[in-house]
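> Each chain is listed here by its residues.
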Amino acid sequence: MSTNKPVILLAEDDENDVFFMRRSLQKAALDLPLQVVTNGQEAIDYLGGVGKFNDRDRYPLPSVILLDLKMPFLNGFEVLAWIRAQCSLKSIPVIILTSSAEERDRQKAAQLGAKAYFVKPPTPEMLQEAVALSNHQAAPISA
Amino acid sequence: MVQFYESDAFLAERVSEFIGAGIEAGEAGIVIGTPAHNSAISERLGQRGLDLAALAKAGQYLACDAEDTLAQLMVNGWPDEKRFRQLIGSLITNAKKGQRRRVRAFGEMVALLWAEQKQEAAVRLEELWNNLGETQSFSLLCAYPINICGGEANGKAFDAICHAHSNVSPSESHAAHNQTEEERLRELALLEQKAKSLEIEIAKRKNIEDRSRLLASIVEHSDDAIASKDLNGIITSWNAGAQRIFGYTAEEIVGQSVTVLIPPELQHEEPGILARLRRGERIDHYETIRRRKDGTTVEVSLTVSPLKDDTGKIVGASKIARDISERKRAQMIQQALYDLASTVNRTVALPEIYDAALSALCRCYNAHRAAILLYDSGGVMRFTAWRNLSEEYRRAVEGHSPWQRDDPAPQPVCIDDVSQSPLDDHLRAVVRREGIHSLAFLPITYEGRLLGKFMIYYNVPHHFTREELHPAQTIVTQVAFAIERLRTGENLERMVNERTASLREAIAQMEEFSYSVSHDLRAPVRAMQCYAEVLREDYGAQLDEHAKKYLDRIINGGMRMDRLIQDILTYSRLSRREIKLAPINLDRITREIVRQHVEIGRSAQAEISVEGHLLPVIGHEGSLTQAISNLLNNAVKFVAPGTKPKVRVWTERRNGAVRLWIQDNGIGIKPEYQHRLFSVFERVHPEKKYEGTGIGLAIVRKATERMGGKAGVESDGVNGSRFWIQLPAAEKS
Numbered sequence: 000m001s002t003n004k005p006v007i008l009l010a011e012d013d014e015n016d017v018f019f020m021r022r023s024l025q026k027a028a029l030d031l032p033l034q035v036v037t038n039g040q041e042a043i044d045y046l047g048g049v050g051k052f053n054d055r056d057r058y059p060l061p062s063v064i065l066l067d068l069k070m071p072f073l074n075g076f077e078v079l080a081w082i083r084a085q086c087s088l089k090s091i092p093v094i095i096l097t098s099s100a101e102e103r104d105r106q107k108a109a110q111l112g113a114k115a116y117f118v119k120p121p122t123p124e125m126l127q128e129a130v131a132l133s134n135h136q137a138a139p140i141s142a
Numbered sequence: 000m001v002q003f004y005e006s007d008a009f010l011a012e013r014v015s016e017f018i019g020a021g022i023e024a025g026e027a028g029i030v031i032g033t034p035a036h037n038s039a040i041s042e043r044l045g046q047r048g049l050d051l052a053a054l055a056k057a058g059q060y061l062a063c064d065a066e067d068t069l070a071q072l073m074v075n076g077w078p079d080e081k082r083f084r085q086l087i088g089s090l091i092t093n094a095k096k097g098q099r100r101r102v103r104a105f106g107e108m109v110a111l112l113w114a115e116q117k118q119e120a121a122v123r124l125e126e127l128w129n130n131l132g133e134t135q136s137f138s139l140l141c142a143y144p145i146n147i148c149g150g151e152a153n154g155k156a157f158d159a160i161c162h163a164h165s166n167v168s169p170s171e172s173h174a175a176h177n178q179t180e181e182e183r184l185r186e187l188a189l190l191e192q193k194a195k196s197l198e199i200e201i202a203k204r205k206n207i208e209d210r211s212r213l214l215a216s217i218v219e220h221s222d223d224a225i226a227s228k229d230l231n232g233i234i235t236s237w238n239a240g241a242q243r244i245f246g247y248t249a250e251e252i253v254g255q256s257v258t259v260l261i262p263p264e265l266q267h268e269e270p271g272i273l274a275r276l277r278r279g280e281r282i283d284h285y286e287t288i289r290r291r292k293d294g295t296t297v298e299v300s301l302t303v304s305p306l307k308d309d310t311g312k313i314v315g316a317s318k319i320a321r322d323i324s325e326r327k328r329a330q331m332i333q334q335a336l337y338d339l340a341s342t343v344n345r346t347v348a349l350p351e352i353y354d355a356a357l358s359a360l361c362r363c364y365n366a367h368r369a370a371i372l373l374y375d376s377g378g379v380m381r382f383t384a385w386r387n388l389s390e391e392y393r394r395a396v397e398g399h400s401p402w403q404r405d406d407p408a409p410q411p412v413c414i415d416d417v418s419q420s421p422l423d424d425h426l427r428a429v430v431r432r433e434g435i436h437s438l439a440f441l442p443i444t445y446e447g448r449l450l451g452k453f454m455i456y457y458n459v460p461h462h463f464t465r466e467e468l469h470p471a472q473t474i475v476t477q478v479a480f481a482i483e484r485l486r487t488g489e490n491l492e493r494m495v496n497e498r499t500a501s502l503r504e505a506i507a508q509m510e511e512f513s514y515s516v517s518h519d520l521r522a523p524v525r526a527m528q529c530y531a532e533v534l535r536e537d538y539g540a541q542l543d544e545h546a547k548k549y550l551d552r553i554i555n556g557g558m559r560m561d562r563l564i565q566d567i568l569t570y571s572r573l574s575r576r577e578i579k580l581a582p583i584n585l586d587r588i589t590r591e592i593v594r595q596h597v598e599i600g601r602s603a604q605a606e607i608s609v610e611g612h613l614l615p616v617i618g619h620e621g622s623l624t625q626a627i628s629n630l631l632n633n634a635v636k637f638v639a640p641g642t643k644p645k646v647r648v649w650t651e652r653r654n655g656a657v658r659l660w661i662q663d664n665g666i667g668i669k670p671e672y673q674h675r676l677f678s679v680f681e682r683v684h685p686e687k688k689y690e691g692t693g694i695g696l697a698i699v700r701k702a703t704e705r706m707g708g709k710a711g712v713e714s715d716g717v718n719g720s721r722f723w724i725q726l727p728a729a730e731k732s
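Protein chains in written order, with numbering that gives the first Met the number 0: chain A, 0 to 142; chain B, 0 to 732.
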């Protein structure tokens with residue numbers, strides 16, 4: 000798998016939403032590799048390289064993370080807080096992608112350091128913004 | 000006959016009756032009196048119709064001056080028998096002339112001697128009269144002013160006078176046989192004399208006796224102690240009241256010093272009292288404490304007055320002591336009850352009230368110990384507050400009650416003497432070990448419910464009376480009322496707290512539910528919508544027009560569902576969310592809303608004009624934005640097909656409030672439907688023509704109400720509508 004293209008990590012437990020994400024990526028003509036984890040714990044395992052995720056060729060560190068909020072085991076905020084506490088991951092932009100239009104969720108996401116807050120369904124415009132955010136980052140992961 | 004008299008008029012009346020009746024009966028009358036009496040008598044005799052001048056001429060009436068006549072009888076200050084017989088004897092003999100056998104005489108010569116303090120001479124003169132009576136028959140009326148007969152000194156001579164009159168009375172046996180007419184008449188006259196004098200003497204003595212008996216009875220039956228003492232403080236007399244109050248009998252106390260009645264700490268009082276007495280001062284209502292025979296004390300009010308002898312010398316004192324213990328106790332009880340009542344009114348802390356109640360009990364009853372026991376939640380009567388009771392005692396008797404809890408009318412139970420009470424042996428032993436000899440159980444009830452009991456204890460046997468328990472009943476009532484009042488308050492507070500907590504919990508649950516709704520409920524709706532769109536995009540070429548139209552309907556249905564969920568959430572949040580009111584720049588937020596409307600294309604075709612500067616209001620920005628936004632949506636939505644929506648927005652001042660108007664050129668609402676407009680899910684236009692959830696205006700009304708305002712509409716159902724929101728003004732006009 001090429002490491003030149005920015006990898007998107009999507010944490011999403013609803014397979015419909017995973018489908019719509021893939022479709023939106025296609026429609027946006029963003030041929031980006033998409034890694035999917037289906038709950039908060041798995042997201043942390045992926046990012047921490049735990050178990051099978053230790054294989055960084057297969058599971059490379061992402062250049063942008065899209066987090067659903069409502070997920071089994073650990074929710075999006077818990078994952079976000081964990082990411083913010085990891086020095087090695089601090090630079091990866093995290094975007095919340097949720098069905099909640101709640102103001103309090105928006106505020107909490109901003110407090111915890113999310114770069115953007117998107118309400119589902121994802122649109123090509125949202126994804127372009129996400130890619131733009133990832134490009135802003137220095138890319139230590141590609142080194 | 001002796002006539003004592005007090006008033007001259009009476010004497011004149013009496014003598015003229017005596018003489019006048021005689022003359023009228025053909026007898027002769029002789030008056031030997033003072034000039035004043037003589038003239039008064041002759042005046043009265045004249046009034047009877049007697050011609051005194053004619054009578055005197057006929058020798059039937061004779062009036063002589065007593066002093067002159069007496070002067071002729073006296074030799075060396077002593078009545079001379081010879082002169083008496085000559086002078087008086089001849090007067091009587093002359094008077095008897097002319098067939099007149101009887102003579103009535105009135106003489107004041109004896110009284111004159113008496114008045115000159117010549118008692119012995121007076122008695123002698125009486126004897127002479129009596130002696131004359133032995134040889135001549137006549138009726139003699141002697142007169143003595145009663146005032147000259149008083150006093151011890153005159154007593155003997157007085158007795159002698161009375162004796163002199165009765166002495167001459169012939170004996171009964173002598174009178175029985177061989178009496179001449181002369182003797183019988185004389186005897187009658189003497190008996191008359193004797194009866195009259197005795198009658199007067201008896202009446203006089205009886206009067207004196209009655210008065211002294213009355214006085215003695217008053218003293219004896221007085222509730223007050225009445226005693227006398229000499230100037231050394233030695234008790235000289237003692238009444239029954241004194242015995243009742245102090246316990247000593249008269250035999251025990253008379254002859255002792257009054258200091259036995261004075262408690263050791265007040266012994267200094269007596270010298271002061273005696274000193275004041277010697278100065279002739281009286282001591283009135285002096286409140287102090289005295290000691291009874293049994294050593295207990297009694298509160299008394301003393302009145303001490305000096306006693307004087309005949310010469311005016313102070314020889315001692317009379318002393319009246321009133322037992323004021325009851326009055327003092329009543330005062331103290333009143334004060335104790337007052338103190339309790341003010342504590343009950345002032346505080347909301349039950350322990351403080353219990354303490355005040357125990358104080359009141361101990362003060363009212365002079366009790367050694369007291370306690371309050373109340374039923375606990377397990378139905379056991381437990382010590383709640385107490386005075387001077389050991390832990391051992393409390394542990395041993397706790398839970399004991401003389402009443403069943405459901406007793407509808409529990410009565411006080413008094414044990415005057417524990418040793419003679421029907422307590423079981425164990426309980427009696429515990430009570431005695433504590434040193435308690437008598438106790439009372441007083442039920443604490445409120446509206447027929449037994450709450451607990453009050454206990455009063457004494458270290459000595461004590462006879463409890465019904466009257467005595469009255470103040471305790473008042474204390475019980477006060478405490479029962481306080482307990483109920485505060486318990487009710489506590490219950491109420493607890494209830495409010497519980498309800499508030501459960502309400503908070505319900506709100507939190509609602510919040511969670513809303514969150515789930517917004518997140519989970521919308522997910523499947525969105526999935527349906529998205530898949531329908533995917534179907535149309537990816538497989539549109541394979542579908543006929545019907546299939547495409549159905550897909551559109553699926554997509555529209557999904558959109559409506561999504562909006563509905565959003566609106567319901569908004570509405571329910573408005574109902575329960577805490578909002579903070581603040582001044583709002585209505586002009587700024589309204590213009591912002593209009594701008595956004597235009598930007599997102601909703602009102603692209605519409606012409607919205609905000610007129611003038613909108614006045615600031617007091618409200619909540621989020622809620623107000625929502626409300627204005629909904630009204631603008633409606634204003635541009637409900638227009639007839641082909642009509643360009645025109646909306647005017649302005650404010651006006653109304654009695655301290657600001658009314659925001661939003662007027663459209665839409666289809667309007669008929670007045671008969673207007674009242675339904677602001678309810679949830681109410682639509683007055685068919686869904687088909689004007690899509691919407693039917694919640695928009697309900698949100699407007701709810702939002703304005705939460706901000707302390709109101710919302711309404713004016714429309715004739717033809718020429719558009721004028722919706723308004725009214726809120727408190729942020730600026731004074």
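Warning: the hint list may mix true and false statements.
Just a sample of chain A residues kept apart from chain B, beta carbon distances all over 10 Å, derived [to be verified]:
1. N15
2. V49
3. F52
4. L68
5. P71
6. L88
7. K89
8. S90
9. A100
10. L111
11. P120
12. A131
Computed beta-carbon distance windows for the label pairs [what the hints assert, rightly or not]:
13. Q106(A) to A581(B): 29 to 37 Å
14. Q106(A) to E489(B): 36 to 44 Å
15. N53(A) to H545(B): 53 to 61 Å
16. L580(B) to N53(A): 50 to 58 Å
17. Q127(A) to K643(B): 34 to 42 Å
18. D537(B) to Q127(A): 44 to 52 Å
19. N53(A) to G621(B): 43 to 51 Å
20. Q106(A) to N496(B): 29 to 37 Å
21. Q106(A) to E598(B): 20 to 28 Å
22. Q127(A) to L542(B): 26 to 34 Å
23. Q127(A) to S501(B): 36 to 44 Å
24. N496(B) to Q127(A): 15 to 23 Å
25. Q127(A) to G539(B): 22 to 30 Å
26. Q127(A) to V717(B): 17 to 25 Å
Everything labelled a hint here was simulated from the structure, so no lab data went into it.
Cβ atoms here follow ideal geometry from the backbone N, Cα and C, with glycine treated the same way.
> Could you run down the list of hints and mark each one as holding or not?
These are the hints, each one checked on the structure:
1. N15: Incorrect as stated: the minimum Cβ-Cβ distance to chain B is 4 Å, not above 10 Å.
2. V49: holds, 28 Å
3. F52: The assertion about F52(A) holds, with a minimum of 27 Å to chain B.
4. L68: violated, 8 Å
5. P71: With a cut-off of 10 Å, P71(A) remains clear of chain B, as the shortest Cβ separation is near 13 Å.
6. L88: holds, 26 Å
7. K89: The claim holds: K89(A) sits with its nearest Cβ about 28 Å from chain B, beyond 10 Å.
8. S90: Given a closest Cβ separation of 29 Å, the condition holds.
9. A100: Violated: least Cβ distance 7 Å, not greater than 10 Å.
10. L111: holds, 17 Å
11. P120: violated, 6 Å
12. A131: Per Cβ check, A131(A) is outside 10 Å of chain B; nearest 23 Å; holds.
13. Q106(A) to A581(B): 29 to 37 Å: violated, 19 Å
14. Q106(A) to E489(B): 36 to 44 Å: With Cβ atoms ~41 Å apart, the hint holds.
15. N53(A) to H545(B): 53 to 61 Å: holds, 54 Å
16. L580(B) to N53(A): 50 to 58 Å: Holds, at about 57 Å.
17. Q127(A) to K643(B): 34 to 42 Å: holds, 36 Å
18. D537(B) to Q127(A): 44 to 52 Å: Check failed, 22 Å falls outside 44 to 52 Å.
19. N53(A) to G621(B): 43 to 51 Å: Holds, since N53(A) and G621(B) (Cβ atoms, about 48 Å apart) stay within the stated range.
20. Q106(A) to N496(B): 29 to 37 Å: holds, 31 Å
21. Q106(A) to E598(B): 20 to 28 Å: holds, 24 Å
22. Q127(A) to L542(B): 26 to 34 Å: Given a distance of about 30 Å, which is inside 26 to 34 Å, the answer is holds.
23. Q127(A) to S501(B): 36 to 44 Å: Between Q127(A) and S501(B), where Cβ atoms are some 49 Å apart, the hint is violated.
24. N496(B) to Q127(A): 15 to 23 Å: violated, 55 Å
25. Q127(A) to G539(B): 22 to 30 Å: holds, 25 Å
26. Q127(A) to V717(B): 17 to 25 Å: violated, 50 Å
In this structure, the earlier hints numbered 1, 4, 9, 11, 13, 18, 23, 24 and 26 are contradicted, and the remaining ones agree with it.
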